[in-house]
Amino acid sequence: MKINNFVYCNPTKIYFGDQQLSHLAEEVKKHGDKALLVYGGGSIKKNGLYDRIMSILSGAGIETAECSGIEPNPQYTSVNRAAKICRDAGCQVVIAVGGGSVIDASKVVAQAAFYEGDCWDLVTKKVDEPRALPLIAVPTMASAGSENDAWAVISNADTNEKLDPWHAGYQPTAAFIDPSITYTVSPYQTAVGAADIFSHIVEIRYFLKDPKIEFVSEMMEVMAANTVKYGAIAVKDPNNTEARQNLSWLSAMITGGIMDMGGIQDMALHMTEYGIAAFYEIPHGHGIAILFPRWMQYVLSEETAPVFYHFGQKCFGIPSGLGDTEGAQKTIDALSHWLYEELGLESRLSAFGVTEDRLHDMAVKATGNHGGILHSITDLTTDDVEHIFKMCL
Numbered sequence: 001m002k003i004n005n006f007v008y009c010n011p012t013k014i015y016f017g018d019q020q021l022s023h024l025a026e027e028v029k030k031h032g033d034k035a036l037l038v039y040g041g042g043s044i045k046k047n048g049l050y051d052r053i054m055s056i057l058s059g060a061g062i063e064t065a066e067c068s069g070i071e072p073n074p075q076y077t078s079v080n081r082a083a084k085i086c087r088d089a090g091c092q093v094v095i096a097v098g099g100g101s102v103i104d105a106s107k108v109v110a111q112a113a114f115y116e117g118d119c120w121d122l123v124t125k126k127v128d129e130p131r132a133l134p135l136i137a138v139p140t141m142a143s144a145g146s147e148n149d150a151w152a153v154i155s156n157a158d159t160n161e162k163l164d165p166w167h168a169g170y171q172p173t174a175a176f177i178d179p180s181i182t183y184t185v186s187p188y189q190t191a192v193g194a195a196d197i198f199s200h201i202v203e204i205r206y207f208l209k210d211p212k213i214e215f216v217s218e219m220m221e222v223m224a225a226n227t228v229k230y231g232a233i234a235v236k237d238p239n240n241t242e243a244r245q246n247l248s249w250l251s252a253m254i255t256g257g258i259m260d261m262g263g264i265q266d267m268a269l270h271m272t273e274y275g276i277a278a279f280y281e282i283p284h285g286h287g288i289a290i291l292f293p294r295w296m297q298y299v300l301s302e303e304t305a306p307v308f309y310h311f312g313q314k315c316f317g318i319p320s321g322l323g324d325t326e327g328a329q330k331t332i333d334a335l336s337h338w339l340y341e342e343l344g345l346e347s348r349l350s351a352f353g354v355t356e357d358r359l360h361d362m363a364v365k366a367t368g369n370h371g372g373i374l375h376s377i378t379d380l381t382t383d384d385v386e387h388i389f390k391m392c393l
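Each residue of the sequence shown is one higher than the last, beginning at 1 in this note's numbering.
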């Protein structure tokens, strides 16, 4: 197979392991001595991480302004609020402490610090602002890997939109990945994080029409299998060091760019989930978990069955010697068992208040920014997406 040309550069400096936060001040000092600290609902104050970070920063003479209350599926209004605090305080660097939502919001905050208008103009690319403040990420859970990429996902409840802008300035200059921080993450958040990691490996980069470099495909198979293994362990045993370390590094690896080399990305399942999140407050990883087996079932065909079956053998230990369709079905069943039994996630959208009369609007939102077609191993029309939603009720 032909490998597409590519250029690889990942400028994020990663500090991985216990006690690596001791280097936080030196990374901040590279950019200035006034920082904006962005975080979510206050769990970092309960578990002592807030005090630890503030002690490090104040001890190095770094002044801080704060913006808390960043919600899951972060709203553009929260970004506007944080950006104003950042500008008013004259901050020179942004520190994001939290999960993917906090880090995503902070990326746009770093850009919006140079733009006094509505940050939604930046998200929609109505306004091009090339500048962004340096961003340092301190992830508190293993999930979408936002600490190691230049994408952000921002929602707008006023227009029922969820968009994912890319900007070179969104790439964190440094990330501090301390697996011990994730010990206090609840079993539920651990589960939705593992589901999101799995999706980033398999849906976005593995189940594609475009072939991958062989060793990259094999690497993804191993990564997916380890996500399945350690996700289940961490849900049952939150203090399991091996599980937390593996999930934390898997989270960073899924977005570092290595798996993207020589091929393309497709995000049909992610875009489908965006249609849900545009109307309902469902954690992203949970929406993905509800959709994934139904999406596989819907696109199962003579073309996709061999791909699904091969993956099932590598990831779930499905035995060889079966017919492609039977093997693919066993793979789908194994995925469902992992998500809904081992991780304990709810399997139906109706549990979150989703009703059938809203499904068409959700499908239109999912495909609307993509010309009505979501590309993947099997392309999805708006009608296809609506049918998948019905399977999930």
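Read the hints as simulated data drawn from the structure, not as lab findings.
Heads up, a few of these hints could be off.
[To be verified] Calculated cross-link-like contacts (lysine-lysine; reagent style DSBU-like; alpha-carbon spacing at most 30 Å):
1. K390 <-> K330
2. K45 <-> K84
3. K29 <-> K209
4. K30 <-> K13
5. K13 <-> K84
6. K46 <-> K34
7. K330 <-> K236
8. K45 <-> K236
9. K34 <-> K84
10. K314 <-> K236
11. K84 <-> K30
12. K209 <-> K46
13. K46 <-> K13
14. K314 <-> K330
15. K29 <-> K13
16. K390 <-> K209
Subject >> Hints breached by this structure >> reply: 3 and 12
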